[in-house]
Amino acid sequence: MKEEKGITLVALVVTVVVLIILAGIGIGALVNPNGVVDKTKEAKIETEKKDIEEQINIMTIQSMDRYGNVIKETLKTKLEDLPDGKEIIDGVYYIGVIYPEYEFYIEVSSGKISETKPLVIADEVPMPEGYIASQVWGENKIEDGLVIYEGTDPVTEENHEEALTSRNQYIWIPVNNIDSMVMCSSNSSTSQCNLVLEGNTLKCTKHLETATDLVGRLYVSSNVDTGNSIYSYKMNFTDRKQTYNKNNYYEPGVLSSDPNNNLDIEQLKSDFILMATSVAKNKGFYISRYEVGENGDSKKNQKILTSANTNGDNYLGANMWYGLYNTLRNINNNQQMIWGCQYDQVIKFIGEEAQVGHSDRNLMISPALSGQNELDKMKNIYDLEGNFWESTLEAAGPAVSGEREGRGHRGNDYAYVTDGDMNPASFRVNNLPTLASYYNSTRSIIYL
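Just so you know, we're using the numbering used here here: the sequence shown kicks off at 386 and counts up by one.
Incorrect hints may have been included.
Derived DEER-like restraints, expressed as beta-carbon distance ranges [stated by the list, open to error]:
(1) T575 to K435: 58 to 64 Å
(2) N633 to I446: 43 to 49 Å
(3) N704 to R625: 37 to 43 Å
(4) N694 to G805: 27 to 33 Å
Below, in silico cross-link-like pairs of lysine to any residue (SDA-like), each with a Cα-Cα straight-line distance of 25 Å or less [stated by the list, open to error]:
(5) K424 to I446
(6) K463 to E439
(7) K688 to K461
Worth flagging that the hints you see were computed from the coordinates, not collected in a lab. Remember, it's a predicted structure, so these values are computed and weren't measured experimentally. Glycine included, every Cβ here is placed at the ideal spot set by N, Cα and C.
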């Protein structure tokens with residue numbers, strides 16, 4: 386008989402089962418988590434993310450001023466042209482671009498783009514007792530001007546505005562080499578100091594006869610008109626050839642009016658050594674964020690303490706330079722008026738921006754409360770270029786450009802701005818400490 390050949394029922398069932406299994410594997414590879422569909426979707430999102438980041442980077446560069454600061458309003462306008470589905474967050478010191486799958490944050494002070502809001506713990510710097518480092522982006526990095534707030538409650542985006550006006554604020558100024566700020570009185574162009582810290586004693590190992598006779602290293606330059614009454618005052622911070630000369634700017638030093646105001650050289654020398662030793666030990670110091678207010682406070686929207694002897698709408702009278710000095714001096718709390726050599730370190734930290742005047746910063750033409758001008762802010766320090774002169778502890782000998790002996794003042798004031806003279810933050814003049822002037826204020830420093 387002719388034999389019929391074909392597939393058996395068992396073989397058919399096995400074949401169907403195998404096909405079902407293979408189909409399940411294939412569908413699973415497509416739709417399961419981390420499957421082909423998911424990976425395709427992830428790849429698409431990653432491509433879109435990189436494209437968005439590139440666009441943000443271009444927009445950020447296009448929105449920068451000549452100093453590398455991002456003009457927020459310009460950037461916010463440009464960001465509106467990004468693809469739909471975004472949310473624009475206007476932070477105090479950053480702008481956020483939020484999509485459902487990813488987000489970017491642009492730091493206004495530097496233009497840096499990050500996928501998260503970084504919180505930098507300030508372990509690299511010493512913290513004064515009773516203060517805490519800011520957690521607000523733009524205030525939490527040393528290179529941007531690390532801000533500390535009085536009190537122990539964290540300062541975040543949520544309570545930042547309130548903290549600005551209610552809590553004292555200081556900025557960390559790094560001084561990695563004490564030789565750049567302090568010398569001994571024998572330093573000269575042919576014999577330069579070599580300072581070392583031995584325990585709690587800071588001394589010069591080059592000049593044994595004046596080893597602990599410490600003085601400020603002051604960087605002096607000349608004011609140069611660069612056109613349209615905009616001045617530059619460039620300072621050569623590589624220079625180590627300064628001399629201690631009482632016919633020039635020098636510190637510590639006593640003026641003829643000081644003894645009548647209960648200020649002697651021993652107190653000034655003692656205070657200077659305390660400050661200098663601390664800076665050498667801690668590699669820096671803190672400067673008040675604002676020109677000082679009542680009791681030496683450093684808060685936004687405060688009336689400024691001046692050397693006037695009466696109060697005005699936006700300023701307070703402290704009764705001459707000596708009133709400023711005595712208000713700020715609190716040795717038990719490691720606080721003093723800023724020294725000239727410290728002010729130079731602030732200028733060094735800020736860089737070129739602080740050594741050239743500006744006509745495009747809406748500088749005040751009348752005395753203003755502290756921190757009103759966001760354009761006059763460098764490394765998170767307000768009003769260095771305008772508002773009031775910054776009085777320091779440095780003395781000025783009578784032979785300085787034919788001027789009378791006085792105390793060093795830095796920066797510029799609203800009267801100069803009104804006259805159209807744009808001096809940089811580095812600019813240096815001297816003024817009589819006995820002058821009751823509502824043009825002059827100062828800064829306090831905290832050492833540790």
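A quick look at each hint next to the structure:
no., hint, verdict
1, T575 to K435: 58 to 64 Å, "59 Å, holds"
2, N633 to I446: 43 to 49 Å, "44 Å, holds"
3, N704 to R625: 37 to 43 Å, "39 Å, holds"
4, N694 to G805: 27 to 33 Å, "29 Å, holds"
5, K424 to I446, "33 Å, violated"
6, K463 to E439, "13 Å, holds"
7, K688 to K461, "33 Å, violated"
Checked against the numbered hints given earlier, this structure breaks hints 5, 7; the rest are met.
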